[in-house]
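S.K.: So the chains spell out like this:
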Amino acid sequence: MTSGTEAETEGRVYNVGGQDWDDVVAAADQAGDRPGDERLIVNMGPQHPSTHGVLRLVLTLDAETVTELRPVIGYLHTGIEKNMEFRTWTQGVTFCTRMDYLAPLFNETAFCLATERLLGITDRIPERATVIRVLMMELNRISSHLMAIATFGLELGATTVLLNGLREREKVLDLFELITGLRMNHAYIRPGGVSQDLPSGAIEKIREFLAIMPALLGDMRKLLDANPIYLARTKGISFLDLTGCMTLGVTGPVLRSTGLPWDLRKSQPYCGYETYEFDVPVQDTCDAYGRYLVRMDEMEQSLAIIEQAIDRLAGSRPPGDRIMIADAKIGWPAQLALGPDGLGNSPDHIKHIMGQSMEALIHHFKLVTEGFRVPAGQVYAAIESPRGELGCHAVSDGGTRPYRVHFRDPSFANLQALPAMCEGGMVADVIAAVASTDPVMGGVDR
Amino acid sequence: MTEGNPVQGQPAESKPAESTPPETKPAGGMPAEAKPAEMQPGEQAALAGRERLSEQVARTGMFGAETTGDTSGYGGLMVRRPPPLSSPRPYGSYFDDLADALGSSLDQAGLAFGDAIERVVSDRGELTFHVRREHLTTVAGRLRDDPALTFELCSGVSGVHYPADPGRELHAVYHLVSLTFNRRLRLEVSVPDSDPHIPTMVRVYPTCDWHERETWDFFGLIFDGHPALTRIEMPDDWKGHPQRKDYPLGGIPVEYRGATVPPPDERRAYE
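Residue numbers (our numbering), protein chains in the order written: chain A, 1 to 446; chain B, 1 to 271.
Isolated chain B (complex conformation) (with noise of 0.2 Å):
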């Protein structure tokens, strides 16, 4: 928890909206319900097309193959990277509710809601809270036990990692329902490669202890305060966190009584 990552993290969130009107929708979406009813559906498409030729690209080739490490024999693939999300008032559903109870919750606990919350994201019918990592048990601690809110039970940690998005590159994303009020909700923190730490939910949800081994083992993500952070999937002694984008797909030589087995892409092809 540098001083400077909100510095770092600001030109990654803003340089996209600068170039995007931020009325625009993300990267290619189903843009035939936002058109006007009297347009053709292939004007539609072009429209459609012409919107993500617009947008800036977030990199080329497949998950950095730069020859021909993409075996669907279709190289020439260029991502495109989508506006940061944040939705303005109103959120739709029960969303609005949910983001009054849970601002007013954190008032009682001395903490204002857009201290604890960097962004609100309400996207394809689900609400996504993006906290910032130092208040994190604490939203979560009153989104388990105020009665208005009453989440009850947590679905996980699932950890993504982000590369191209400097000083946000790791996020863990918590899953919550409320069987209460039958709700679900999202939230998204997001740290910086460089200190990969967040605070852990083990002590608010216990079932969060093997998830967040996973995200650690998987990911790098540190969780600060858990009982016992060790690698769950991959052996003890495994170098390296797998589903990091920079982690290569199967590059590990294999060891079978004496003879080794090259990674695939080191493998004799005949061609």
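Same shape as in the complex, but just chain A (with noise of 0.2 Å):
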């Protein structure tokens, strides 16, 4: 340990290198340069396990009390809103899919339906697409809760809850990779439908999952419901009620566990949510176990929405079913095949443009590099991601890229009410805190 004064800051400085809190103590029991003043600020992250990545918190600790929590985030902004400024809309979704990478689906999804409201295509996307992108956002929301009650397990200890969650959520990422080709950044789900179908098998593997997992939820539930120490830690921990949330902006498992049924889901229906049969899970505890709860709850509804979802997609397909928009001005041409070499554009497709269809090849040529035009206007499209509303807004000029797009991401607006879940509290629930909060910080910062 080292200690010493800068000019930039209030009183002494002690620099901790680990197992060394005893010489801190008796440095700070040294009559300082404010005598009676105890106050020590600490500064947890922004490379700390228990900050769900570069989340940087600025603790000012009466002895173990909370004083004040300051949260500090930048330190993941990679831009990338002002660099969908510089690609067409359908490489949008590349980029955009990185922002939340534990929700990889959603991002795409809310970026697609902003994009689609503006195109003022929306009524016509098929069928097929859209109980696809239901599927995949359901399949998504149980990974992305997984990773959340698995990494609040190792935060307050409990190894054999990550490794279970991380266990199970690695059988999410398969079908993610069998249907997609890849286990995060998909860039799956496209202005106008998919970029693919799904493969064949992929339904009996979704039925595979189906069948296992409901007795692996239940045995994350054994591990956790009831647990002596997991409700020490977390009942009554990390309070936020009802006005707190409206107050501050807060959406997802963190309102549902003060008792509102409030998903975008239910209450504003889209990509055909209404005709699905689900409930809205609460909780009226306020506290992290609730949010726990409802974490659990939402993912056992998300395997019957799932299920619902694939009985309809493995019924006979209607004739004319496709999974991109049949309208040649905008639906992503090329159709991808698995060659001798790898992934490449079909051989049906390329004797399609090369030899049979002038239009066909213009208009390939056209999207690809030059991509659809948007007419101008603004909307503003808000999804339910696994944690709460994620809203696009997109502004588009009329040209073939976006004016602008922001996104309301969940995360952003929930670590914002950290502060109050903390302050007066000890410091080891501001690591329960943050984790039932569950805050992605690849979202936060954009």
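Hints listed in this document are in silico derivations from the structure and should not be mistaken for laboratory results.
You may find that some hints are simply not true.
What the hints assert, rightly or not - Subject to a maximum C-alpha distance of 27 Å in a straight line, what follows is the list of computed DSS-like cross-link-like pairs (lysine-lysine):
no., chain 1, residue 1, chain 2, residue 2
1, A, K82, B, K239
2, A, K82, B, K245
3, B, K239, A, K366
4, A, K222, A, K171
Said to hold, decoys possible - What follows is a set of in silico ranges between Cβ atoms, one per label pair, in the way DEER data are often shown:
no., chain 1, residue 1, chain 2, residue 2, range
5, A, I229, B, G92, 49 to 59 Å
6, B, G240, A, L361, 53 to 63 Å
7, B, P235, A, L361, 46 to 56 Å
8, A, A63, B, G240, 25 to 35 Å
To be verified - Okay, the calculated bits of chain A under chain B, using three or more residues with CB under 8 Å as the criterion:
no., stretch
9, 81-94
10, 144-158
Yeah, the Cβ is synthetic: ideal placement off N, Cα and C, and Gly gets one too.
With the hints as a guide, bring both chains together as one complex.
M.R.: Encoded structure:
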């Protein structure tokens, strides 16, 4: 441990190197430059295993009580919104999927719904594409919630929860890999539909997943639901009531743990969610434990939605059923196929554009290089991501690229509530508060 | 808030309106619904093309690139300016009720609807009130507190920069939700680049705290009365506001251990 004074900071600065807490306490006990002041300011993060990425919390401590908490963000800012202004609307999906990297398919869907509303083609999206979107989003909700609960457990010291959670999440990622080719950053959902149909065998794999998942979630519940240590660390911890949520713009499981069943899938349905049967789980405890229960219940509801979705996909396909809008001026023309040397354009598609149809070649060329034009205007499309309201404010000036895209990321808004949850509590409960909010810094900083 | 602003703003607003018939849809819209049913798809597309060509050109090239800054290889794009939208009544859906309720609520506060709201746009199933900045907090306060309105939740602020619109270059866009009535509403405030001040919404919707910091960081909009308007995403000592249209993409030399990587447009090109 070293200590000294710096011009920019108030008071004495201690550099803690680990395993030297006694030295720090001893040094802090000595009469400092502010007699009687036992305030300790601790920087938690930005590189800290329990801050979900690069989040920095500046804690002012009075012994072990947090008197002030200041979240500092921006360490993962990558300029995604700016970059999207320099790419076509279709290419934009590739950027925004990287924002909230635990829920990539939600980012893609929010952006595509906004683009489609700007184009005025919301009603013309093929039914099959919409069902596949719902299927993928609900699978993603499960993987995201599993990650939230797994890391929640780890941060409170329970490694079994982490290992179980990651093991289960792997099953969802395997399905993603089968369907989209990638485990994250899919760029699978495109304006007008989705990039690929489900491959053969996908329905069977999802059915296998549905068969084993309830038991695995049950195991997770056995580990945590009535675990005395877990209850002691989460019940009554990081309290935030409905008024607090409304004032601070908090949505998602945190809001539903205050007893308000506000879920955009029910209240303002999109992608045909009104045609699926599911419940909106709520708890009225307003604490970290309630948020955990809401997430567990939501995963079970997601399984029910997935089952309904694959029943629709597995049925006989009506003629003309497709996965991309039937509009040659908008729908992505390229069809991918697995060739001898990996993925490439399908031989049928190449034969069509090179040998049969001049128009198809022109459309392919224009759409892939220049992209489609989007009528001028602005829209705001909001969906229920695993963390709350994910909104996409898209502005077009009539060109082939977005004029401005802004994402209202739920993690960004939810993080603001951290001081309200933590101040006055113990420093150890800050960990539980961050974990129960489940922020993803890729989404916060974009 | 100089006296000259409304006068400055007027030409930009009225100029395209003179050259474009008011009933024309915005650029390249989906004219298929509006056209007679007997028209063939090919004719509809041709008509849409003619409509688009009749609009005045807002700018040429791609994002200011005069030569070959456009990486898609397609440099000849002309972006045409849409006519300014101002929807006449009826706005449709619940929008008329909402406007009436806000009007009577503002009356109680001694403010005429037309004084506070510049214009109303109902487009693509979404309602936008363009609010004069001096009345923003009053309008937002009524929207939150009036039992007939009750917009409890604000989804934040999004800035937009329109350098081609003199006198109203910077826009702040607020999205509100009413959980009670299950309604959505957008408030939009525009200010000139020379006077980028907007009263803060933090006292009405505390969630705007970070959102306003982000908008300041990215656009240079100053929210008067904000408790701590500091940068949030960019480093504290950053120069400029990156999301503005006059700020280049990636034009920053990157230094690593003494060696410097030049910005993308100055790098060696293999031609």
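S.K.: Would you mind marking each hint as holding or not holding in the structure?
M.R.: Results for each hint:
1. A/K82 - B/K239: holds (16 Å)
2. A/K82 - B/K245: Satisfied, since the Cα-Cα distance of roughly 9 Å is no more than 27 Å.
3. B/K239 - A/K366: violated (38 Å)
4. A/K222 - A/K171: Distance of about 20 Å is within 27 Å: holds.
5. A/I229 - B/G92: 49 to 59 Å: holds (56 Å)
6. B/G240 - A/L361: 53 to 63 Å: Violated: the Cβ-Cβ distance is about 43 Å, outside 53 to 63 Å.
7. B/P235 - A/L361: 46 to 56 Å: holds (48 Å)
8. A/A63 - B/G240: 25 to 35 Å: violated (43 Å)
9. 81-94: With 6 residues close enough to chain B, the hint holds.
10. 144-158: violated (count 0)
In the structure shown, a violation is registered for the earlier hints numbered 3, 6, 8 and 10, in ascending order.
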